[in-house]
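Chemist: Below, each chain spelled out in residue letters.
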Amino acid sequence: MIRLIATAVLLWVGVAHAQLAIEITGAGAQRIPIAVVPFAGESALPPGISTIVRADLERSGLFRGLELPPIVPEPTESSNINYSEWRARLADALLVGSAQARPDGRYEVRFRLHDVVKQQALGGIAYTLGKDQARATAHRIADFVYEKLSGEKGVFSTRIAYVVKRGNRYELQIADYDGANAETALASFEPIISPVWSPDGKRLAYVSFENKKPVVYIHSLMDGKRHVVANFKGSNSAPAWTPDGTRLAVVLSREGGSQLFMINADGSGVRRLASSSAIDTEPRFSPDGQSIYFTSDRGGTPQIYRMPAGGGEPQRVTFEGSYNVSPRISPDGKTLAYISRNGGKFQVALLDLANRQVQILTDSDRDESPSFSPNGRMILLATVIGERGVLSAVSADGRVKQRLSAAAGDVREPTWGPFTD
Amino acid sequence: MRAMFYSLIAALLVGACATEPEKPAATAPVTEAGKPGGATTEPVKPVPPVARVEPSKPGGSPFAALKDPSNILSKRTVYFDFDKFEVKDEYRPLVEAHAKFLRENRSAKMLVQGNADDRGSREYNVGLGQRRSDSVKKMLILLGAREDQIEAVSLGEEKPACSEHSEECWAKNRRDDMLYNGEY
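Listed in order, the protein sequences are those of chains A and B. Using my numbering, the first residue of the first sequence is number 1, and each one after it goes up by one. Using my numbering, the first residue of the second sequence is number 422, and each one after it goes up by one.
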């Protein structure tokens, strides 16, 4: 099991370049105070396992890492824990561990998580890894802690995709959720928009303008191979995967206008899904695959509609305001994130589909392309700060905000990948 | 269409070549879209050198007129008002001239690229640009061009003529560009 994880992790690690830097600009109200003790021997794995775990946990908005004095001897996963001492340091949870070099040049990292309040160990894991897998291993440990203490799956081992524009060059990049280990999957001198992850996280569908018009491609991330999905006469855009990953909804203009079609992932079997004299675009399937949410200006202004996935009568979903676009349904299917124009500002709104309540989540004014984290807890988005495109993330309750920016260039079109384990 | 097919093949071939086999399997290869050899790198390809031929002279290539600054056919852009898609009266003579050219030169093919300003959703803006290119295409066909001579596409907000965030700039970006075969 351990080896399996380490091997899987190896495939993800690449040369880090154009790294995104993260800045947290808000915090949750009730954060769990956790003591993440530096792992014994972790200086061999810079920047240190505990440093990455703590940063992950704090970034989630659910945890507060405690400042700790040097503790001698440093506790590890095998130490007997004096819970009342940790309670006195105001910790609700405690993470201890160690990193040890093995004779074969690899490392063994072990950890144990303790519930200080209940005075019990919550478990631990041992990993064998190469030096270049330290970051990925730390994310796995953070996922373990997050899930044990919050009851939800962590997203620290997931990846994101986005487009960076530098001068005339466009790069479709894949990075860890925190912007580390960025790799370029596609470089082009023409625009790339609307990347979306396949449900298995192995492929991206996107729109490339390299043929002087929008064409939909599917790109396999493991081998870099790609194929055309839709290149009909006119424009081909706005791909959305079905939850089973076999087909896509796309927007084609081949019969005039911008209309919704279904197409198999290999580009065969195109068929029209709906018919209107309006712009119908930005389709997204509900997680159960039963409905499609999409943007349409059939009512005079762009609004979000829902219709059965097999086609049928669309129903309007958004009513407040004159510009509501880019629908993204949450992983549990209960809320809808979208971009809403309010007094000239384009902001991320969240609609509770049960009680119809709308909440504006951001205070920026040029937001685009919202994307839920696979656990539904955060929403990644693109915005513009000082005429430069940056990525930003906001918690679904609006409390925690983060900004990710590249050292140079415009970053846009973010999309958060699925869980892959 | 055939040119598109070839450039697509080129892009795929280049994509395959970009794999770096000497690297360990850790990193997925970078695919270069439309790089060398591909007809897709340069925004506008120069037309064959026929510019010296007088367009009005019999035997001269009629395509030279498209590059003659004194000829209305050298003008290729139609601008639109905010949230509007119909061709304004001031651009009618321009569209009529191109319709006439297409009518008289059945081998000529045109790509109409519609554009939108950069406010709001990129994909909805692809839709708005498509509405603009469809509008010019429809007018050209009503004036006698053949359907199979024209492809109407949208570049959305992705290829702005002007990149500032101001009304003056947005007006320059709400446009259709008309390109003939060999120019894209």
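Everything labelled a hint here was simulated from the structure, so no lab data went into it. No experiment lies behind these values; they were computed from the predicted model shown. Ideal Cβ placement from N, Cα and C applies to all residues, glycine included. Check the hints yourself; a few may be wrong.
Chain B stretches covered by chain A per the calculated footprint, using a threshold of three residues with CB under 8 Å from any CB of chain A [to be verified]:
1) 532 to 540
2) 551 to 557
3) 565 to 575
Some chain B residues close to chain A (C-beta under 8 Å, calculated; not the full set) [said to hold, decoys possible]:
4) A454
5) E511
6) R543
7) M560
8) I562
9) E579
10) C583
11) N602
12) G603
13) Y605
Chemist: Please check whether C583(B) passes as an interface residue: C-beta within 8 Å of a C-beta belonging to chain A.
Modeler: The hint is violated - C583(B) has no Cβ within 8 Å of chain A, the shortest such distance being about 14 Å.
Chemist: Take the shortest C-beta to C-beta distance between Y605(B) and chain A; is it under 8 Å?
Modeler: holds, 5 Å
Chemist: Quick check on I562(B) please, does its C-beta sit within 8 Å of some C-beta on chain A?
Modeler: Violated - the Cβ of I562(B) stays beyond 8 Å from chain A, reaching only about 11 Å at its closest.
Chemist: Should the hint that N602(B) touches chain A count as held when the rule is a Cβ pair under 8 Å?
Modeler: Violated. Min distance 11 Å.
Chemist: Report holds or violated for chain A covering the region 565 to 575 of chain B, Cβ cut-off 8 Å, minimum 3 residues.
Modeler: holds (count 4)
Chemist: Holds or violated: M560(B) as interface residue toward chain A, Cβ cutoff 8 Å?
Modeler: violated, 14 Å
Chemist: Grab the minimum C-beta distance from E579(B) to chain A and call the hint holds if it beats 8 Å, violated otherwise.
Modeler: For E579(B), the interface hint holds, since the closest Cβ of chain A sits about 4 Å away, which is under 8 Å.
Chemist: According to a criterion of three or more residues whose C-beta lies within less than 8 Å of a C-beta of chain A, is the region 532 to 540 of chain B covered?
Modeler: Since 3 is at least three, the answer is holds.
Chemist: Are A454(B) and chain A close enough, Cβ to Cβ, to be under 8 Å, as the hint says?
Modeler: Where the cut-off is 8 Å and the nearest Cβ of chain A is about 4 Å from A454(B), the hint holds.
Chemist: Just to be careful: measuring from the Cβ of E511(B) to every Cβ in chain A, is the smallest value less than 8 Å?
Modeler: At 25 Å from the nearest chain A Cβ, E511(B) fails the 8 Å test, so the hint is violated.
Chemist: Using 8 Å as the Cβ threshold, decide whether G603(B) counts as touching chain A.
Modeler: violated, 12 Å
Chemist: Can R543(B) be said to touch chain A, with a Cβ gap under 8 Å?
Modeler: holds, 5 Å
The structure fails hints 5, 7, 8, 10, 11 and 12 (numbered hints given earlier, in ascending order).
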